[in-house]
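Enquirer: Residue numbers (my numbering), protein chains in the order written: chain A, 138 to 546; chain B, 138 to 546; chain C, 138 to 546.
Calculated directly from the structure, the hints in this document are not laboratory data.
Remember, it's a predicted structure, so these values are computed and weren't measured experimentally.
Among the hints, erroneous ones may be present.
The list cannot tell twin chains apart, which means a pair is met if one copy fits it or any two copies do.
[Claimed, not checked] Below, a list of computed lysine to any residue pairs in the SDA-like style, where the Cα atoms sit at most 25 Å apart:
hint : residue 1 : residue 2
1    : LYS190    : ASP172
2    : LYS500    : PRO414
3    : LYS521    : VAL215
4    : LYS498    : MET434
5    : LYS455    : LEU361
6    : LYS174    : LEU204
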Amino acid sequence: MYHLTFCLIVISGLLSLFPGNSCAEEQRHVLTSLDGKVDCETWELNGDGWYVKKETLHGGKQEGVELITVDNGVMQIVIIPTRGMSIYEVRSKDMRLGWNSPVEGIVHPAFIDLESRGGLGWLEGFNEWMVRCGLEFAGHPGTDEFVNNTGDTATMDLTLHGKIGNIPASSVEVIVDSEPPHRIRVRGIVFEKFFYGPKLKLTAEISVVPGADTFRIDDTITNLGSADQEFQIIYHTNFGEPLLGKGAKLHAAINKIAPMNEEAAKGIDNFATYAGPTRGYIEQVYLVEPLANPQGMTGALLQNAKGDRGASMFWSTKQLPYLTIWKNTAAVEDGYVTGIEPATGYPYNRKIERAAGRVPKLKPGETRQFTIDYGLHADQQSVKSAIKKIETIQGKHPVEVQHKPSATN
Amino acid sequence: MYHLTFCLIVISGLLSLFPGNSCAEEQRHVLTSLDGKVDCETWELNGDGWYVKKETLHGGKQEGVELITVDNGVMQIVIIPTRGMSIYEVRSKDMRLGWNSPVEGIVHPAFIDLESRGGLGWLEGFNEWMVRCGLEFAGHPGTDEFVNNTGDTATMDLTLHGKIGNIPASSVEVIVDSEPPHRIRVRGIVFEKFFYGPKLKLTAEISVVPGADTFRIDDTITNLGSADQEFQIIYHTNFGEPLLGKGAKLHAAINKIAPMNEEAAKGIDNFATYAGPTRGYIEQVYLVEPLANPQGMTGALLQNAKGDRGASMFWSTKQLPYLTIWKNTAAVEDGYVTGIEPATGYPYNRKIERAAGRVPKLKPGETRQFTIDYGLHADQQSVKSAIKKIETIQGKHPVEVQHKPSATN
Amino acid sequence: MYHLTFCLIVISGLLSLFPGNSCAEEQRHVLTSLDGKVDCETWELNGDGWYVKKETLHGGKQEGVELITVDNGVMQIVIIPTRGMSIYEVRSKDMRLGWNSPVEGIVHPAFIDLESRGGLGWLEGFNEWMVRCGLEFAGHPGTDEFVNNTGDTATMDLTLHGKIGNIPASSVEVIVDSEPPHRIRVRGIVFEKFFYGPKLKLTAEISVVPGADTFRIDDTITNLGSADQEFQIIYHTNFGEPLLGKGAKLHAAINKIAPMNEEAAKGIDNFATYAGPTRGYIEQVYLVEPLANPQGMTGALLQNAKGDRGASMFWSTKQLPYLTIWKNTAAVEDGYVTGIEPATGYPYNRKIERAAGRVPKLKPGETRQFTIDYGLHADQQSVKSAIKKIETIQGKHPVEVQHKPSATN
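Based on the sequences and whatever the hints tell you, model everything.
Expert: So this is what it looks like as structure tokens:
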């Protein structure tokens with residue numbers, strides 16, 4: 138009795154996209170363009186054992202939300218261009234990178250007011266597996282200073298975790314490399330670029346190789362303004378059941394770890410082990426200086442209690458020198474979740490971060506790159522192997538545990 | 138020279154929907170679903186002497202607003218799923234439940250900023266006959282305390298009348314009972330459900346029997362969180378011309394009535410009688426403890442001056458123990474209107490309401506039901522009969538009139 | 138591999154719209170109507186050497202933005218009904234009225250939060266050639282007083298430049314005069330009309346005669362409320378490269394000019410000459426009392442350095458008695474731009490403007506008209522001729538230059 142409206146779809150029909158290597162050029166498909174001329178309600182590209190599809194959600198707060206799903210034959214990665222190129226979830230057989238937030242549906246930014254509830258409006262849309270916090274500011278709400286257009290110092294109430302996760306991508310492309318292994322890339326450009334404000338451009342790329350059990354986030358942030366520009370980015374990566382559960386464990390290469398507040402201090406000796414869903418649990422947040430190997434790489438892994446499922450992430454501490462571990466093993470109804478969050482700093486208000494020297498700046502035209510490699514580990518052997526990699530980074534380097542929170546760290 | 142875009146419509150064509158009672162199952166039509174997969178620009182269902190249709194408005198602030206009209210042969214009820222299942226108006230021959238607000242058109246929530254104009258942004262979309270206020274907070278703007286995610290007490294600036302009236306329904310169904318009298322139900326689910334916030338679910342149902350001159354709101358509110366949750370709801374039901382007019386009268390079963398402020402105190406002796414449109418009129422608000430009969434039912438009726446048109450509402454004081462009478466007989470251009478508002482409390486800021494013990498709580502998983510039966514009275518006899526019902530509830534019970542406003546009541 | 142969705146278009150096909158004068162009635166085409174029933178994704182009207190077309194942008198922050206382009210054979214005027222009938226740009230051969238703001242794309246108001254960044258959210262969508270500021274308030278952010286619905290004095294944080302530029306037009310029509318010279322008019326109605334708030338109606342008309350090198354803005358503002366209503370309007374008209382450049386000059390008929398602050402005071406002796414793009418430049422703002430001729434007309438012109446391109450504007454000081462010159466010759470990346478802004482006042486916060494007697498009021502039902510005639514000057518002769526017109530207004534009247542900013546002017 139109801140009807141679905143849809144655009145006509147042209148399916149590429151390239152069952153064998155690259156017959157030999159005769160096709161030397163990459164495949165590039167524009168789904169959203171800066172000129173606003175592309176309108177593509179649904180779209181699909183089929184390859185040999187993989188596909189990429191775009192759909193648009195309708196109704197309620199989801200009206201108009203665009204999703205791009207990349208299926209590489211092993212996993213489905215669900216990307217939300219409408220929400221700053223966040224990743225809603227990654228599914229692979231019985232594994233799911235993602236969590237069950239109390240937030241229903243995938244909320245269109247038009248329904249988000251970041252200023253709401255005392256600067257906590259961001260929480261009304263928060264249910265992604267991976268959402269970037271930033272770029273002008275990325276941490277807790279509260280008043281910070283800035284220099285306004287008349288050259289005077291003014292104050293501004295920052296809102297939780299910044300704007301980038303609620304800005305739709307201005308440009309979205311699907312690119313398939315012409316060269317083997319024919320990596321499939323979904324690339325979006327998200328601007329946090331205002332008059333008398335920051336002029337930051339995020340080029341966010343999520344990519345995967347057909348048949349692989351790993352995938353990559355490869356972002357660049359560019360300062361398009363004429364003056365030095367502060368920025369912050371947190372890769373707020375969130376895991377819930379079934380990977381997270383009573384007895385699940387975190388592995389990470391750590392130089393130093395400290396509790397964010399007194400509540401976290403209580404649990405610091407067990408920071409690496411997770412409780413089951415717990416009514417009335419108050420979040421515990423740990424601030425980590427990751428340890429890197431000589432190549433600058435560090436890593437973290439979350440394994441289930443049994444040790445036969447895991448998700449790993451590896452990145453460079455030159456790019457993302459800080460890591461926040463957010464334990465929120467609350468009741469399932471309230472959001473049973475842990476965040477593993479590589480970042481340019483910690484989630485304090487920018488004022489505190491600036492004072493601590495953790496707010497980087499980009500010179501005019503300067504670009505900074507951020508690469509995180511994620512791995513899905515679907516059996517004990519694969520989990521062990523990834524843990525081994527992290528342990529090798531740690532080596533015999535002691536973990537410095539600070540038991541009391543710093544005043545403002 | 139212009140064009141209307143529209144989906145193809147399948148009309149049910151069930152001129153006789155229930156031939157005998159052979160069709161044992163209810164008819165259920167999904168217009169909006171939680172998975173975001175249903176997209177239905179227009180839709181229509183035709184029965185024997187009734188219909189339900191859905192349309193979508195376009196242009197200006199109305200772009201994308203969905204309306205569902207139920208015509209039971211006697212009245213047309215116009216529901217706005219996009220605005221939290223509010224009812225825009227009810228039309229029946231020369232009667233109209235509704236009012237002429239200065240707000241032009243039916244405003245899409247994407248254009249509403251509740252924080253605007255000092256927390257009064259709600260007023261920029263306010264033109265419905267019936268809009269629910271709530272659910273986390275329902276009253277006046279102002280600072281209130283809450284417990285934040287770190288377990289600390291924080292403050293939050295509440296906005297006027299809360300969020301629920303500007304949240305689109307995540308799910309919308311039209312249901313037709315299989316059993317006589319084949320009640321037609323429009324049911325929507327509206328979530329006010331955030332991470333580190335309330336986890337409230339409103340199931341809002343507006344229903345009517347074919348050929349009847351009454352209809353019903355039947356809502357449930359459920360706490361889907363793991364902790365006790367405060368909530369507030371006001372059924373902000375608003376009447377303008379032609380029912381409201383000089384000499385129009387309010388009938389209600391009242392235990393106690395008090396003025397909300399000094400302005401209202403001036404008019405308390407004439408609280409039940411309405412002036413014509415009056416330039417410079419300042420609103421007068423009266424706070425009523427309704428009187429219930431042994432079954433717990435109370436009622437109110439607004440009649441026109443002549444006494445040959447009226448609208449009544451009956452409800453249980455166990456569900457909605459408080460009633461606010463809002464007299465705003467201002468100039469027509471400014472909104473000539475009265476509100477008759479059964480509620481869980483009064484429209485003070487939640488801080489005041491909490492202190493007065495008027496903010497109910499729901500335990501985890503608990504559901505509370507709210508039913509209001511509305512009647513249209515199109516002749517003197519019908520008006521008299523409904524007044525009689527209210528007078529019977531009042532009986533000889535005296536009305537306690539408080540002439541001075543309480544400090545904060 | 139992608140698809141464009143579009144409505145079917147009926148092209149009028151009136152290559153000769155007015156054969157003789159036998160067609161006595163104006164042509165009137167409704168593109169958006171108050172009842173929300175018109176849905177017109179694209180639309181086109183073709184005349185003899187001119188056309189009007191409507192398109193709708195898609196993707197990112199531009200999703201759903203409607204543009205109307207009027208091409209009169211000499212210039213293309215691009216109007217944004219979705220953004221309060223602002224004019225994005227006017228193109229004519231190698232001339233462009235417009236500027237390159239750091240704001241990417243034409244931002245849909247649903248993505249604008251005027252309260253953001255301390256009341257500076259307006260800047261996140263600011264990239265138009267001409268945007269109206271107003272109507273309830275038009276200037277700088279900050280706290281102002283107002284009388285609320287209970288008759289009490291309350292305070293409200295005003296946001297930069299008001300709301301009107303981010304309110305979509307509720308009604309849009311294209312009108313072609315039946316009489317020669319067959320002026321083409323795009324007329325939109327934008328309401329800033331709230332319950333317990335202002336009840337202002339802006340009828341905004343942009344019009345042009347086929348083949349002419351001038352065009353006109355002709356607006357009316359009406360108070361639809363029952364009480365006197367303050368209002369403010371600034372025509373924030375902005376010019377960038379190539380018209381603006383090192384050595385570009387401003388010509389204006391001036392009675393008095395004063396710097397807005399100390400920064401502007403430094404440059405007052407060269408207020409009429411522009412620097413090239415300058416890194417770290419801080420805006421300089423000058424407050425002008427324009428000089429009018431006996432008919433009440435004044436004018437301003439911006440010419441390029443060479444003097445062979447210019448844009449002029451003429452208006453009545455009875456309608457718009459104040460003029461703000463905004464010099465922002467910053468780096469190109471940050472927005473190299475100057476604003477020439479006829480207005481009912483200066484861009485101070487309304488509180489200051491009110492104290493200075495520069496906030497006009499409309500009586501109930503009263504309408505105020507605002508007409509600005511713009512000219513494109515594409516050669517030296519045309520530039521000179523327009524400058525001459527301004528010099529004639531100035532005559533021998535001295536320009537009173539105030540070198541120090543007034544406390545609040």
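Enquirer: Does each hint hold? Answer for all of them.
Expert: Do the hints match the structure? See the list:
| no. | hint | verdict |
| --- | --- | --- |
| 1 | LYS190 - ASP172 | both (22 Å within a copy, 17 Å between copies) |
| 2 | LYS500 - PRO414 | between (45 Å within a copy, 18 Å between copies) |
| 3 | LYS521 - VAL215 | neither (27 Å within a copy, 61 Å between copies) |
| 4 | LYS498 - MET434 | within (22 Å within a copy, 50 Å between copies) |
| 5 | LYS455 - LEU361 | within (22 Å within a copy, 43 Å between copies) |
| 6 | LYS174 - LEU204 | both (19 Å within a copy, 12 Å between copies) |
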